[in-house]
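Protein chains in written order, with this note's numbering: chain A, 1 to 183; chain B, 184 to 374.
You may find that some hints are simply not true.
To be verified - To give a feel for the contact side, a few chain B residues facing chain A, derived at Cβ under 7 Å:
| no. | residue |
| --- | --- |
| 1 | 198 |
| 2 | 201 |
| 3 | 354 |
| 4 | 356 |
| 5 | 359 |
As the list claims (entries may be wrong) - Pair by pair, the computed Cβ-Cβ distance ranges are:
| no. | chain 1 | residue 1 | chain 2 | residue 2 | range |
| --- | --- | --- | --- | --- | --- |
| 6 | B | 336 | A | 11 | 49 to 57 Å |
| 7 | B | 315 | A | 138 | 30 to 38 Å |
| 8 | B | 364 | A | 25 | 58 to 66 Å |
| 9 | A | 130 | B | 224 | 58 to 66 Å |
| 10 | B | 218 | A | 123 | 37 to 45 Å |
| 11 | B | 219 | A | 43 | 56 to 64 Å |
| 12 | A | 174 | B | 339 | 38 to 46 Å |
| 13 | A | 141 | B | 348 | 34 to 42 Å |
| 14 | B | 300 | A | 38 | 55 to 63 Å |
| 15 | A | 130 | B | 256 | 52 to 60 Å |
Simulated from the structure, these hints should not be mistaken for laboratory data.
Virtual Cβ for every residue (Gly too), placed ideally from N, Cα, C.
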Amino acid sequence: MLMSSLGTVATQQDRSSERHALLRRLSETAGKVFPTIELRIQEDNASFHAQAYVLDGRQVVTLLGGLAFHSRMQKDGLLFTVLHEIGHHVAPGPRITQTNPLSCDCAADRWTVAEGQRLFSSHGMALDIRSALNEIELALSDLMPASDLKSERWCFDWTRRKMALTSALVQPVVECEFRKLHS
Amino acid sequence: MGGLIPNPHDQNVMQKLDATFSDPHLRNLRNRIRGPAAPEPHFFSDPGNARHLARISLRLRIHPNGPPPPTPAQLKARWQYFLQTLLTDPVKAAQNGTTVAEVIREALQVFVVTDDPKCTAITFCAIPDDGTLPTGIDYRADINPDPYQPRPAAPYVASIQLMCRIEIPPGVSAPDAGPDNGEVPPVQPNI
Numbered sequence: 001m002l003m004s005s006l007g008t009v010a011t012q013q014d015r016s017s018e019r020h021a022l023l024r025r026l027s028e029t030a031g032k033v034f035p036t037i038e039l040r041i042q043e044d045n046a047s048f049h050a051q052a053y054v055l056d057g058r059q060v061v062t063l064l065g066g067l068a069f070h071s072r073m074q075k076d077g078l079l080f081t082v083l084h085e086i087g088h089h090v091a092p093g094p095r096i097t098q099t100n101p102l103s104c105d106c107a108a109d110r111w112t113v114a115e116g117q118r119l120f121s122s123h124g125m126a127l128d129i130r131s132a133l134n135e136i137e138l139a140l141s142d143l144m145p146a147s148d149l150k151s152e153r154w155c156f157d158w159t160r161r162k163m164a165l166t167s168a169l170v171q172p173v174v175e176c177e178f179r180k181l182h183s
Numbered sequence: 184m185g186g187l188i189p190n191p192h193d194q195n196v197m198q199k200l201d202a203t204f205s206d207p208h209l210r211n212l213r214n215r216i217r218g219p220a221a222p223e224p225h226f227f228s229d230p231g232n233a234r235h236l237a238r239i240s241l242r243l244r245i246h247p248n249g250p251p252p253p254t255p256a257q258l259k260a261r262w263q264y265f266l267q268t269l270l271t272d273p274v275k276a277a278q279n280g281t282t283v284a285e286v287i288r289e290a291l292q293v294f295v296v297t298d299d300p301k302c303t304a305i306t307f308c309a310i311p312d313d314g315t316l317p318t319g320i321d322y323r324a325d326i327n328p329d330p331y332q333p334r335p336a337a338p339y340v341a342s343i344q345l346m347c348r349i350e351i352p353p354g355v356s357a358p359d360a361g362p363d364n365g366e367v368p369p370v371q372p373n374i
């Protein structure tokens with residue numbers, strides 16, 4: 001949010017009624033499964049970004065317009081994003097920092113595949129994880145050189161993150177991989 | 184900071200901030216400031232001698248530093264620009280009749296010094312503008328509990344949340360902030 005430079009998405013935006021309906025459906029489902037978490041979509045912010053945070057004691061998930069309306073992001077990519085952000089609020093395991101209430105990214109990812117997708121599936125929104133990762137990767141490829149996806153610079157190596165998310169064996173996170181890499 | 188594609192430089196600086204302002208580092212910092220033998224009682228706020236957030240950050244060794252690119256030196260210079268220029272802009276960073284940098288510095292004085300030991304830690308976060316930043320304002324520090332109101336009687340963890348309209352522009356830089364009057368050496372105490 002401070003130093004990132006994934007950039008903004010002025011073109012390649014899907015502002016169709018179908019996209020708005022999909023975002024509404026995501027929001028309604030999130031509200032049914034997690035009524036205490038507020039899903040916000042900031043339509044006029046063109047940054048490719050989503051974030052979980054606590055504001056005035058409320059648990060908030062925000063999708064910025066550059067991500068929510070990116071034409072490469074379809075149902076699975078957006079559903080994964082929402083689940084990952086909810087995971088920051090509800091996943092067990094390591095925190096972003098030792099005093100931060102939010103779960104780290106590794107724990108949020110792991111919760112998404114181990115628990116989150118099941119909860120949303122029971123409300124008619126099934127997640128195809130491979131399709132989701134493919135959509136996100138295509139969107140990221142538009143925003144940065146492909147070589148950057150393999151570097152530690154972004155999300156501690158996208159390739160490794162993908163492998164963990166698609167592994168048949170989902171193990172609980174005991175230590176944040178980012179902190180392990182950079183401690 | 185809880186993003187889909189986390190930026191390691193954001194995460195890196197947040198880790199440093201949260202680590203510095205929680206024990207054992209917070210206790211070490213307080214030992215430098217409080218008590219009859221404390222060498223530097225005015226680390227954050229010195230009556231008659233201005234203190235600056237950018238200098239405090241430098242003295243506490245807080246800045247993003249990896250992984251490259253950019254180089255650690257470039258990241259540090261960009262962070263210093265953020266503190267020295269963006270958060271001290273009298274218009275775009277105006278808050279409570281002063282600037283966001285000053286609001287944060289004053290909150291640190293309250294949480295670290297006034298509320299020792301009741302404030303057990305401070306957590307830091309940056310979040311995107313949720314539509315509540317007024318036109319022409321790029322940053323706002325949301326601080327909980329309010330340092331100007333009575334704080335909880337029980338021990339608490341404070342939070343300093345920076346709402347941002349813009350990210351730090353790429354390529355900007357500033358040299359290290361110069362010394363504030365009345366500083367007690369070393370420049371970077373070992374906390």
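Outcome of the hint check:
| no. | hint | verdict |
| --- | --- | --- |
| 1 | 198 | holds (5 Å) |
| 2 | 201 | holds (4 Å) |
| 3 | 354 | violated (10 Å) |
| 4 | 356 | violated (13 Å) |
| 5 | 359 | violated (18 Å) |
| 6 | B:336 <-> A:11: 49 to 57 Å | holds (55 Å) |
| 7 | B:315 <-> A:138: 30 to 38 Å | holds (33 Å) |
| 8 | B:364 <-> A:25: 58 to 66 Å | holds (60 Å) |
| 9 | A:130 <-> B:224: 58 to 66 Å | holds (59 Å) |
| 10 | B:218 <-> A:123: 37 to 45 Å | violated (57 Å) |
| 11 | B:219 <-> A:43: 56 to 64 Å | holds (58 Å) |
| 12 | A:174 <-> B:339: 38 to 46 Å | violated (28 Å) |
| 13 | A:141 <-> B:348: 34 to 42 Å | violated (27 Å) |
| 14 | B:300 <-> A:38: 55 to 63 Å | violated (34 Å) |
| 15 | A:130 <-> B:256: 52 to 60 Å | violated (41 Å) |
Comparing the model with each numbered hint stated earlier shows that hints 3, 4, 5, 10, 12, 13, 14 and 15 do not hold.
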